[in-house]
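Protein sequence lines, in the order shown, are assigned to chains A and B.
Residue numbers for the first sequence follow the UniProt record's numbering, so the first one is 1 and each next one is one higher.
Residue numbers for the second sequence follow the UniProt record's numbering, so the first one is 1 and each next one is one higher.
To be clear, the hints were calculated from the coordinates, so they are not data collected in a lab.
Note that the structure is a prediction, hence the values are computed from the model and not measured.
Where is the CB? At the ideal position from N, CA and C, for every residue including glycine.
Where hints are given, some of them may not hold.
To be verified - Pair by pair, the computed Cβ-Cβ distance ranges are:
#: 1; chain 1: A; residue 1: VAL387; chain 2: B; residue 2: VAL387; range: 23 to 33 Å
#: 2; chain 1: A; residue 1: SER66; chain 2: B; residue 2: MET148; range: 31 to 41 Å
#: 3; chain 1: A; residue 1: GLU99; chain 2: B; residue 2: ARG113; range: 30 to 40 Å
#: 4; chain 1: B; residue 1: GLU25; chain 2: A; residue 2: ARG282; range: 28 to 38 Å
#: 5; chain 1: B; residue 1: GLU25; chain 2: A; residue 2: GLY293; range: 37 to 47 Å
#: 6; chain 1: A; residue 1: ARG23; chain 2: B; residue 2: VAL285; range: 30 to 40 Å
#: 7; chain 1: B; residue 1: GLU18; chain 2: A; residue 2: PHE316; range: 51 to 61 Å
#: 8; chain 1: A; residue 1: LEU329; chain 2: B; residue 2: GLU68; range: 46 to 56 Å
#: 9; chain 1: B; residue 1: SER66; chain 2: A; residue 2: VAL387; range: 28 to 38 Å
#: 10; chain 1: A; residue 1: GLY293; chain 2: B; residue 2: ARG92; range: 33 to 43 Å
#: 11; chain 1: A; residue 1: GLU243; chain 2: B; residue 2: TYR237; range: 17 to 27 Å
#: 12; chain 1: B; residue 1: VAL250; chain 2: A; residue 2: ILE317; range: 24 to 34 Å
#: 13; chain 1: A; residue 1: GLU67; chain 2: B; residue 2: GLU68; range: 30 to 40 Å
Number of protein chains: 2
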Amino acid sequence: MDTHTRLEKKALAGLADEDLINRLETLQPDEAARLLRKLPAARRGAVRAKIAADRRSEIGRLADYSEEVAGGLMNSRYADVEPDTLCRDAVRQLVAEDEAETIYVAFVVDGDRRLIGRVGLRELLSAPREAVVRDIMAKAVDALNVDMPAEVAARSVSQSGLSVLPVVDAAGRLIGIVSHADASARLEEEASEDMERFAAVTGETQADYFSVPIWRDFLRRAPWILSLAIVGLLAGYVVHVYENALDALVILALYMPMVADTGGNVGTQTSGLLIRSIAMGRVTVASGFRVLGREIRVAMMLAAMLFAFAWLKVMFISNSADVPTGLTLNTIAFAIGVAIAIQVITSALIGAVLPLFALTIRQDPAVMAGPALTTIVDTTGLLMYFVITTSILGL
Amino acid sequence: MDTHTRLEKKALAGLADEDLINRLETLQPDEAARLLRKLPAARRGAVRAKIAADRRSEIGRLADYSEEVAGGLMNSRYADVEPDTLCRDAVRQLVAEDEAETIYVAFVVDGDRRLIGRVGLRELLSAPREAVVRDIMAKAVDALNVDMPAEVAARSVSQSGLSVLPVVDAAGRLIGIVSHADASARLEEEASEDMERFAAVTGETQADYFSVPIWRDFLRRAPWILSLAIVGLLAGYVVHVYENALDALVILALYMPMVADTGGNVGTQTSGLLIRSIAMGRVTVASGFRVLGREIRVAMMLAAMLFAFAWLKVMFISNSADVPTGLTLNTIAFAIGVAIAIQVITSALIGAVLPLFALTIRQDPAVMAGPALTTIVDTTGLLMYFVITTSILGL
Numbered sequence: 001m002d003t004h005t006r007l008e009k010k011a012l013a014g015l016a017d018e019d020l021i022n023r024l025e026t027l028q029p030d031e032a033a034r035l036l037r038k039l040p041a042a043r044r045g046a047v048r049a050k051i052a053a054d055r056r057s058e059i060g061r062l063a064d065y066s067e068e069v070a071g072g073l074m075n076s077r078y079a080d081v082e083p084d085t086l087c088r089d090a091v092r093q094l095v096a097e098d099e100a101e102t103i104y105v106a107f108v109v110d111g112d113r114r115l116i117g118r119v120g121l122r123e124l125l126s127a128p129r130e131a132v133v134r135d136i137m138a139k140a141v142d143a144l145n146v147d148m149p150a151e152v153a154a155r156s157v158s159q160s161g162l163s164v165l166p167v168v169d170a171a172g173r174l175i176g177i178v179s180h181a182d183a184s185a186r187l188e189e190e191a192s193e194d195m196e197r198f199a200a201v202t203g204e205t206q207a208d209y210f211s212v213p214i215w216r217d218f219l220r221r222a223p224w225i226l227s228l229a230i231v232g233l234l235a236g237y238v239v240h241v242y243e244n245a246l247d248a249l250v251i252l253a254l255y256m257p258m259v260a261d262t263g264g265n266v267g268t269q270t271s272g273l274l275i276r277s278i279a280m281g282r283v284t285v286a287s288g289f290r291v292l293g294r295e296i297r298v299a300m301m302l303a304a305m306l307f308a309f310a311w312l313k314v315m316f317i318s319n320s321a322d323v324p325t326g327l328t329l330n331t332i333a334f335a336i337g338v339a340i341a342i343q344v345i346t347s348a349l350i351g352a353v354l355p356l357f358a359l360t361i362r363q364d365p366a367v368m369a370g371p372a373l374t375t376i377v378d379t380t381g382l383l384m385y386f387v388i389t390t391s392i393l394g395l
Numbered sequence: 001m002d003t004h005t006r007l008e009k010k011a012l013a014g015l016a017d018e019d020l021i022n023r024l025e026t027l028q029p030d031e032a033a034r035l036l037r038k039l040p041a042a043r044r045g046a047v048r049a050k051i052a053a054d055r056r057s058e059i060g061r062l063a064d065y066s067e068e069v070a071g072g073l074m075n076s077r078y079a080d081v082e083p084d085t086l087c088r089d090a091v092r093q094l095v096a097e098d099e100a101e102t103i104y105v106a107f108v109v110d111g112d113r114r115l116i117g118r119v120g121l122r123e124l125l126s127a128p129r130e131a132v133v134r135d136i137m138a139k140a141v142d143a144l145n146v147d148m149p150a151e152v153a154a155r156s157v158s159q160s161g162l163s164v165l166p167v168v169d170a171a172g173r174l175i176g177i178v179s180h181a182d183a184s185a186r187l188e189e190e191a192s193e194d195m196e197r198f199a200a201v202t203g204e205t206q207a208d209y210f211s212v213p214i215w216r217d218f219l220r221r222a223p224w225i226l227s228l229a230i231v232g233l234l235a236g237y238v239v240h241v242y243e244n245a246l247d248a249l250v251i252l253a254l255y256m257p258m259v260a261d262t263g264g265n266v267g268t269q270t271s272g273l274l275i276r277s278i279a280m281g282r283v284t285v286a287s288g289f290r291v292l293g294r295e296i297r298v299a300m301m302l303a304a305m306l307f308a309f310a311w312l313k314v315m316f317i318s319n320s321a322d323v324p325t326g327l328t329l330n331t332i333a334f335a336i337g338v339a340i341a342i343q344v345i346t347s348a349l350i351g352a353v354l355p356l357f358a359l360t361i362r363q364d365p366a367v368m369a370g371p372a373l374t375t376i377v378d379t380t381g382l383l384m385y386f387v388i389t390t391s392i393l394g395l
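Just chain A, with the same shape it has in the complex (with noise of 0.2 Å):
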């Protein structure tokens, strides 16, 4: 529950019911739902009952939607006009219309008001003299399922070019419009969202920065960095348990750090693109072996490359003094490049599969990102990277 929503929450709390009434019956009956939502559940039948018969059935009607379906995202005052209705008289109901968000754009309903046709204002106003709404209306609509998820909707508005769409229920009756405005407000508010998930803020997305008490920012940011602390904790075990090998070759100790870091970048990079593939619609659970196939590619190229800059580093600039008998310098590069590499590749498949994998429960991608990757892959990392040397060199 974001900050917002808890703080709203205790000025209801505080509001007389009388007062909660009046305000619920001058906003606009999304607003109002939105509004009727956070009471506590007995509070809100008292309330609903107090409400305009009228002005209640249609907020009531809104607030039981879930903010996470495109009913939640609805209004519910649009214009309609009825198919045998004459253009010009069509455009007066417009005009006179004065409760809808906007006139300019009419749906046609049917006599069990299922929605068949969509008009312009503008198409009705240069409409033949004795034209009806039916002759003119476009008759392919596209229209939202009340059920399918609202970031879903938010997105098919946003990217339909219309200035709203329609929603219907099951039985294809209009019972709702989505405004452009409240699609792309929708989608900043995921855009937010990802972006502090991704930098491992918990919670829901603070409405202003600097409104949010400094204590509730320190409990978003407080879980995750204790939980991580916990894991770096491993990565420390790990160091420990190959301290013999530091001894005995102390050119590890050197490019230790380095593996680990560059696990960390690589898996923030896969999972940074996917996050934002997968919040714009385009990369589904279905097309999860096309992007494990992409992903493992453009990591082959990033570990030959990061292979070839830790060989010739190790090779060229190292002190070779540090060498003890027994093992060559060009084999100490080459172990050093295999374990670079093969975190590389590990990360960037870390990367892609958090991700994939939380959309495929149903949670949401930038979760199982940013710094939880970081010091996941940083843990893995040095234990490969200790591995694989120390396999290749027989420490």
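Keeping the supplied structure of chain A fixed, place chain B upon it in accordance with the hints.
Frame of chain A; chain B shown alone:
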């Protein structure tokens, strides 16, 4: 330059002049201008000269604006009316208008084309019979300046709650409009770009995850990975220099990765929250000191938590056999606790200062965060860890 742009450039190079001109003449002027901007300067002049004169000045004017300013975001196909027009004549004029992006909003200009008002088709339709536009228009009109940064302009449109905002030149003359749809497309692009920068991916945002060639994906990621690997070598030198301390007190190796990682995590949180707040226009250069004040306070709370965690961990879950004579477990716990606390505070400061600094020198704040920050903070953190622990423990 993004891949999309490169591909387009390639396609443009292969197109005969006539085909190109045909295409430029059928596109919307803002789209045509975007295309024209992509031609090499020499060909641009030749092609422009062959476009029909009226289209030419329109497209040419738009192509002269950089994509970084409001002028590069605007469309010149707006509907305008004169203030003394009868409202019903204005309606007729709007309905007959066949080139404007929208006819539901008209801008009112005086004889010098200076913007003096704004009126909706709805208001025109419901105006009294003899009213003129001047009587019903809104006189206080929010307008964008053609030279303002495109991102600021896009955010203004998105937050205005209006479907379109007018763009004026320095003399207040109306020269274009920015629609809500164009503004939100731009903001989406910026959000993707921030995410990619934050994930250490260079270059312009890719249009589609799968459409980018593998080797180009590699080129977008390789520069940071290689640069950061070089920085990672510095961290290696730090460990190398303090190998004697690690030998003298093996417990130091256990906590070394935790201290380094925690710094990266705290820095990433701070910079992630800041970058998004900057993108949303909520943090500016002017608020820099307030940001630092907040971040220092949150960091002190996190530092206190981690001091306590490290101290308790060392005191109660360590093998006390590791303690050399002359030192107590309490002193060691204190030293490691102090080191992690100081690492947390400096990392938060670096995570706040880098984006603010980027903002001051008008660079993208997201570039100086994510993996770059993590790798830098790892290195400084290791150095502080060893300096602090060896000083306190007299190693």
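Hint by hint, which ones does this structure get wrong, listed from lowest number up?
Result: hints 9 and 10 break, sorted rising.
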